[in-house]
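Chains as they are written, first to last, in the numbering used here: chain E, 1 to 287; chain P, 288 to 593; chain X, 594 to 957.
Source of the hints: derived by calculation from the structure; they are not laboratory data. Heads up, a few of these hints could be off.
Claimed, not checked - Quick list of in silico lysine-lysine cross-link-like pairs, PhoX-like style, CA-CA up to 20 Å:
| id | chain 1 | residue 1 | chain 2 | residue 2 |
| --- | --- | --- | --- | --- |
| 1 | P | 539 | P | 552 |
| 2 | X | 615 | E | 198 |
| 3 | X | 675 | P | 359 |
| 4 | E | 279 | E | 198 |
| 5 | P | 356 | X | 862 |
| 6 | X | 651 | X | 615 |
| 7 | X | 615 | X | 659 |
| 8 | X | 862 | E | 279 |
| 9 | X | 887 | X | 862 |
| 10 | P | 414 | X | 722 |
| 11 | P | 420 | P | 391 |
| 12 | X | 722 | X | 659 |
| 13 | X | 739 | X | 722 |
| 14 | X | 615 | X | 641 |
| 15 | X | 722 | X | 675 |
| 16 | E | 198 | X | 862 |
To be verified - A few chain X positions that, by computed beta-carbon distances, are all more than 12 Å from chain E:
| id | residue |
| --- | --- |
| 17 | 670 |
| 18 | 737 |
| 19 | 753 |
| 20 | 759 |
| 21 | 760 |
| 22 | 814 |
| 23 | 868 |
| 24 | 872 |
| 25 | 882 |
| 26 | 888 |
| 27 | 939 |
Computed from a predicted model, the values in this text were never measured in an experiment. Idealized CB from N, CA, C, for every residue including glycine.
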Amino acid sequence: MAVYRRGYQRYEGALTNHFGRMMVIPRYSWERILSQRFVTILLVVSLFWPVLCAGFVYLANHTELWQGLGGGLKRFLAINGRFFAVFMNVQSTFALIMAAVAGPGLIAPDLVNNALPLYFSRPMTRQDYILSRLIVLLGILSLVTIVPGMLLFGMQVGIAGFDWFIQNWYLGAAIFFGFLLYIGVVSLVALTSSAYVKWRVVAGALVLAFFFLLTGAAEMVNHVFRVDWASALNPAYALNTVWAGMLDIDIPDDKPGVMECATFLLAISGGLLAALARKLRPVEVVR
Amino acid sequence: MIVFDNVSKFYGDVLGVNRVDLHIPPGITSLVGPNGSGKTTLMNLMTGLVYPNSGVIQVRGISPFAPEKLMKILGYATQYDAGPRGATGFDFVYTGLLLHGFTKAEAQRRAWASIERVGLTGAAKRKVAGYSKGMRQRIRLAQAIAHDPEVLILDEPLNGLDPLVRAETIALFRDYGASGRHVVLSSHVLQEVDVFSDQVILIANGMIVAEGQIRSVREEIHEHPSQFLLHCRNASRVASMLFEEEHIAEVKMAPEGQGLLVLTKNREAFSMALERIALSGTDIDGVMPTDENVDALYEYLIGGGR
Amino acid sequence: MTPWQQIWTIARLELGRVFFSKRSFWVYLLAIFPSVIFTGHAIDATLKARQWSGRGEKITAEVMNKLQTGMTDQEVLRLAGKPVTDFERTRRPRRREEDPDAEKQPEVRRYMMYFDGKRRVDLRFEDGKLVGRNTRDLLNFEEDRKVYAGMFQFFYLRLGVFFGCLGIFINLFRGEMLDRSLHFWFLAPVKREVLLLGKYCAGLIAASLIFGGGALLSFLAMALPQDPAELQTFWQTNGVEHAVWYVAAAMLGCVGYGSVFLAAGLLLKNPIAPAIVMLLWESMNGFLPDVMQKLSVLHYLQSICPVPVPLPSDMPTVMKMLLAPAAPSSAAVAVGGLLGVTALVLFAATQAVRRLEINYSTEA
Numbered sequence: 001m002a003v004y005r006r007g008y009q010r011y012e013g014a015l016t017n018h019f020g021r022m023m024v025i026p027r028y029s030w031e032r033i034l035s036q037r038f039v040t041i042l043l044v045v046s047l048f049w050p051v052l053c054a055g056f057v058y059l060a061n062h063t064e065l066w067q068g069l070g071g072g073l074k075r076f077l078a079i080n081g082r083f084f085a086v087f088m089n090v091q092s093t094f095a096l097i098m099a100a101v102a103g104p105g106l107i108a109p110d111l112v113n114n115a116l117p118l119y120f121s122r123p124m125t126r127q128d129y130i131l132s133r134l135i136v137l138l139g140i141l142s143l144v145t146i147v148p149g150m151l152l153f154g155m156q157v158g159i160a161g162f163d164w165f166i167q168n169w170y171l172g173a174a175i176f177f178g179f180l181l182y183i184g185v186v187s188l189v190a191l192t193s194s195a196y197v198k199w200r201v202v203a204g205a206l207v208l209a210f211f212f213l214l215t216g217a218a219e220m221v222n223h224v225f226r227v228d229w230a231s232a233l234n235p236a237y238a239l240n241t242v243w244a245g246m247l248d249i250d251i252p253d254d255k256p257g258v259m260e261c262a263t264f265l266l267a268i269s270g271g272l273l274a275a276l277a278r279k280l281r282p283v284e285v286v287r
Numbered sequence: 288m289i290v291f292d293n294v295s296k297f298y299g300d301v302l303g304v305n306r307v308d309l310h311i312p313p314g315i316t317s318l319v320g321p322n323g324s325g326k327t328t329l330m331n332l333m334t335g336l337v338y339p340n341s342g343v344i345q346v347r348g349i350s351p352f353a354p355e356k357l358m359k360i361l362g363y364a365t366q367y368d369a370g371p372r373g374a375t376g377f378d379f380v381y382t383g384l385l386l387h388g389f390t391k392a393e394a395q396r397r398a399w400a401s402i403e404r405v406g407l408t409g410a411a412k413r414k415v416a417g418y419s420k421g422m423r424q425r426i427r428l429a430q431a432i433a434h435d436p437e438v439l440i441l442d443e444p445l446n447g448l449d450p451l452v453r454a455e456t457i458a459l460f461r462d463y464g465a466s467g468r469h470v471v472l473s474s475h476v477l478q479e480v481d482v483f484s485d486q487v488i489l490i491a492n493g494m495i496v497a498e499g500q501i502r503s504v505r506e507e508i509h510e511h512p513s514q515f516l517l518h519c520r521n522a523s524r525v526a527s528m529l530f531e532e533e534h535i536a537e538v539k540m541a542p543e544g545q546g547l548l549v550l551t552k553n554r555e556a557f558s559m560a561l562e563r564i565a566l567s568g569t570d571i572d573g574v575m576p577t578d579e580n581v582d583a584l585y586e587y588l589i590g591g592g593r
Numbered sequence: 594m595t596p597w598q599q600i601w602t603i604a605r606l607e608l609g610r611v612f613f614s615k616r617s618f619w620v621y622l623l624a625i626f627p628s629v630i631f632t633g634h635a636i637d638a639t640l641k642a643r644q645w646s647g648r649g650e651k652i653t654a655e656v657m658n659k660l661q662t663g664m665t666d667q668e669v670l671r672l673a674g675k676p677v678t679d680f681e682r683t684r685r686p687r688r689r690e691e692d693p694d695a696e697k698q699p700e701v702r703r704y705m706m707y708f709d710g711k712r713r714v715d716l717r718f719e720d721g722k723l724v725g726r727n728t729r730d731l732l733n734f735e736e737d738r739k740v741y742a743g744m745f746q747f748f749y750l751r752l753g754v755f756f757g758c759l760g761i762f763i764n765l766f767r768g769e770m771l772d773r774s775l776h777f778w779f780l781a782p783v784k785r786e787v788l789l790l791g792k793y794c795a796g797l798i799a800a801s802l803i804f805g806g807g808a809l810l811s812f813l814a815m816a817l818p819q820d821p822a823e824l825q826t827f828w829q830t831n832g833v834e835h836a837v838w839y840v841a842a843a844m845l846g847c848v849g850y851g852s853v854f855l856a857a858g859l860l861l862k863n864p865i866a867p868a869i870v871m872l873l874w875e876s877m878n879g880f881l882p883d884v885m886q887k888l889s890v891l892h893y894l895q896s897i898c899p900v901p902v903p904l905p906s907d908m909p910t911v912m913k914m915l916l917a918p919a920a921p922s923s924a925a926v927a928v929g930g931l932l933g934v935t936a937l938v939l940f941a942a943t944q945a946v947r948r949l950e951i952n953y954s955t956e957a
């Protein structure tokens with residue numbers, strides 16, 4: 001019988017924790033995405049509107065600058081839910097374009113180059129992989145949504161004072177959680193399209209088409225059936241309605257309400273997650 | 288003849304091949320060179336998959352700009368791994384034959400024949416996407432030979448083949464070469480190329496560095512020291528005698544005590560020196576050149592010489 | 594083998610891939626969606642009519658017209674009887690900017706619905722007073738034809754046929770580059786121009802059948818459930834003509850968009866950007882001079898659509914210009930012009946395909 005000398009010694013030094021390992025993917029992805037020229041341009045352009053809004057906040061809080069002007073202007077210059085709803089609407093458009101640019105490059109190249117086995121042969125689960133990709137988009141999209149939104153809210157609190165904050169804290173929460181919901185939905189759309197369409201450019205177009213086509217389809221259902229409920233199937237409308245609920249502003253009476261829209265968004269997110277998990281397998285089976 | 292007349296090809300700023308002049312006769316011709324040297328570019332130029340920036344190419348008198356004529360006499364097994372989406376091995380070969388204008392019955396007959404020739408009959412109805420690397424290699428070969436072409440171009444055709452299939456494939460090349468057809472192939476398996484090639488074209492950095500039969504190419508490189516293995520019983524004595532000769536660059540003991548490995552700058556002077564040593568009463572059992580194969584040639588011409 | 598035979602062989606080989614590939618699935622969805630919606634509408638109308646007739650009072654059209662805003666809920670109940678649906682909804686009070694500390698009273702709203710056998714009227718009461726009234730037909734052929742016209746031009750042509758052709762025709766060359774399988778076609782003994790035409794024919798046949806069939810199916814799904822007498826009159830007057838023109842518009846859309854996307858797939862590595870530009874061009878061509886309008890596929894398609902799209906009267910003029918063709922061409926000019934533009938684009942594509950090289954490493 002051959003007796004071999006045991007020369008192998010497993011590594012017994014310190015290992016990074018689970019979350020730390022997972023963050024390796026976002027670290028490199030952020031670096032790659034932020035090095036793209038188009039992303040830089042988009043980031044710069046997307047800050048114009050927050051800067052304008054900041055000017056608006058300053059103006060609204062310095063009544064001495066527009067004293068004597070009509071009540072209509074006073075109402076126009078109010079910093080309330082409606083103001084933040086408009087801010088969120090504009091910023092969400094930039095976030096959508098950003099997702100269409102940054103999202104498709106996250107999974108498609110791994111599938112094209114059959115790189116998934118490389119990830120899954122490390123101590124990393126499919127859930128970790130999806131989560132790490134979502135974190136990539138969360139980080140990037142936050143730069144154009146949550147970060148300027150919270151800065152704007154912070155500026156208003158700073159100028160208007162603690163009393164204003166006590167009465168309107170829910171606006172800050174709405175900006176944070178509203179954008180978080182938006183980022184979640186948009187990121188899932190971007191990742192799913194990236195997982196199913198290996199052509200990066202088409203995957204990007206699909207992210208935009210998802211919103212346009214569903215809007216068109218929802219409108220068609222409304223017109224053909226002479227109903228209003230199909231608006232809930234329009235992701236843009238659904239998100240706006242949920243935001244309106246969070247920001248405590250009026251929602252059209254005859255259109256679907258916050259609960260219906262939130263349910264649709266949850267359902268669509270669940271569907272997208274399931275589709276993602278189905279596609280991301282370490283081995284491709286060809287029958 | 289396959290003729291390249293002052294052909295250059297650039298991919299933007301990147302050089303593909305530069306000022307290539309070649310006359311490839313019928314028989315088996317191997318293109319040898321390191322990765323990125325321009326072998327595939329030469330093949331793609333011959334088949335019209337890429338166009339030259341300058342120069343003229345003719346394949347048996349036909350320009351690659353006329354695919355409707357060229358592809359009738361040419362079969363090309365590319366290195367691209369993918370087949371048409373969703374196609375089975377049989378579909379892959381059969382549809383190619385339909386495009387050649389064969390009737391359905393004839394296309395089927397030819398498809399099965401060529402698939403059988405590469406030993407894939409059992410897997411013919413499976414999707415190409417599910418094939419192993421070797422099977423994909425073989426189905427590409429089947430597709431290239433299915434219409435019985437005069438010119439067969441094969442990019443790395445022996446990659447991924449098991450020894451048995453490799454031997455059968457080489458036999459097929461020999462058949463083709465022996466019947467007066469062109470077989471042009473590229474390979475990194477240098478020993479095999481050495482064995483069955485009629486001629487070798489060595490290419491590096493997009494330029495042809497040598498072409499012709501291996502032995503004749505070797506003989507033309509006078510300035511390169513030649514290496515010989517001397518089988519002798521008294522190796523230390525022979526070594527000391529050789530060191531006295533001016534043309535000897537290096538003498539070292541051969542591995543496993545086979546004798547001496549001698550590097551000489553002058554083959555004729557070396558042969559005369561051996562004669563003198565033998566006449567002096569020192570036994571020399573045998574002399575064998577050790578660098579007259581493609582590996583050695585490759586090492587010298589492409590690896591920068593010694 | 595003649596070039597025509599080669600074209601047909603290539604088209605036949607490619608057709609199976611276009612029709613049965615998984616990638617085409619969403620194209621079918623786009624084409625079938627309107628039919629599904631109109632079929633659903635017909636089923637829904639039938640079920641609702643049955644369901645509502647058995648619930649509440651079936652009022653006459655005359656009574657329905659008498660229900661006017663300003664009436665109290667009790668007056669309405671006295672006049673029209675028991676409604677089909679009747680419910681209340683309490684709305685959460687909003688914070689008011691002008692007086693945030695004011696006591697917030699929940700708002701209670703009442704909703705009723707009556708049905709006269711063909712139409713429904715939705716009533717909204719606030720503080721017991723009728724403040725909102727909305728009458729809708731369950732099935733109204735004339736209205737449905739207008740809805741169909743709008744759906745056809747806004748959804749089917751602008752989005753369905755456009756994106757469908759984008760998917761089908763760009764795949765023919767650029768998709769094969771991405772799959773690294775285009776060399777397979779280039780190694781066939783056919784001229785590149787013949788290959789291009791063969792692939793175009795395959796895309797065209799597939800797209801025309803899918804979208805022409807989808808147009809016909811949705812038209813039938815819209816028309817067939819209507820009142821039989823109205824339907825008979827429609828078929829006897831211009832029904833067939835309408836159906837034919839809708840199908841023709843969808844098919845011609847495939848001819849025009851197909852050639853453009855085929856050429857885009859050959860000429861550009863990233864054909865999505867020009868596709869978006871084209872979508873914008875097609876949408877804004879109402880602003881352009883007549884000559885430039887004629888360089889848009891949509892202009893010709895809208896010109897041959899049998900029913901003009903009804904635009905809401907309150908729509909801004911700018912939007913109206915965006916959505917309606919300013920100077921419709923005659924059918925002959927429209928078809929001829931479209932075919933002319935297509936021939937021009939295909940000629941450019943043949944020039945491009947001759948120069949096309951296999952260089953998969955640059956695809957991404």
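How the hints compare with the structure:
1. 539(P) <-> 552(P): OK: residue 539(P) and residue 552(P) at ~15 Å, within 20 Å.
2. 615(X) <-> 198(E): Roughly 13 Å separates the two Cα atoms, so the pair holds.
3. 675(X) <-> 359(P): The given pair, whose Cα atoms are some 83 Å apart, is violated under the 20 Å limit.
4. 279(E) <-> 198(E): Answer holds: residue 279(E) to residue 198(E) is near 12 Å, not above 20 Å.
5. 356(P) <-> 862(X): violated, 29 Å
6. 651(X) <-> 615(X): violated, 50 Å
7. 615(X) <-> 659(X): Violated, at about 56 Å.
8. 862(X) <-> 279(E): Violated, because 26 Å separates the two Cα atoms, which is more than 20 Å.
9. 887(X) <-> 862(X): violated, 27 Å
10. 414(P) <-> 722(X): violated, 71 Å
11. 420(P) <-> 391(P): violated, 29 Å
12. 722(X) <-> 659(X): Distance ~15 Å between residue 722(X) and residue 659(X) Cα, so the pair holds.
13. 739(X) <-> 722(X): The given pair, whose Cα atoms are some 34 Å apart, is violated under the 20 Å limit.
14. 615(X) <-> 641(X): Status violated; Cα separation ~37 Å.
15. 722(X) <-> 675(X): holds, 17 Å
16. 198(E) <-> 862(X): holds, 15 Å
17. 670: Holds: least Cβ distance 21 Å, greater than 12 Å.
18. 737: With a cut-off of 12 Å, residue 737(X) comes too close to chain E, as the shortest Cβ separation is near 8 Å.
19. 753: Given a closest Cβ separation of 9 Å, the condition is violated.
20. 759: Given that some Cβ of chain E is not farther than 12 Å from that of residue 759(X), nearest at about 8 Å, it is violated.
21. 760: violated, 8 Å
22. 814: Violated: least Cβ distance 10 Å, not greater than 12 Å.
23. 868: Violated: least Cβ distance 7 Å, not greater than 12 Å.
24. 872: violated, 9 Å
25. 882: holds, 28 Å
26. 888: Per Cβ check, residue 888(X) is outside 12 Å of chain E; nearest 23 Å; holds.
27. 939: The assertion about residue 939(X) holds, with a minimum of 23 Å to chain E.
The structure does not agree with the numbered hints 3, 5, 6, 7, 8, 9, 10, 11, 13, 14, 18, 19, 20, 21, 22, 23, 24 stated previously, though it agrees with the rest.
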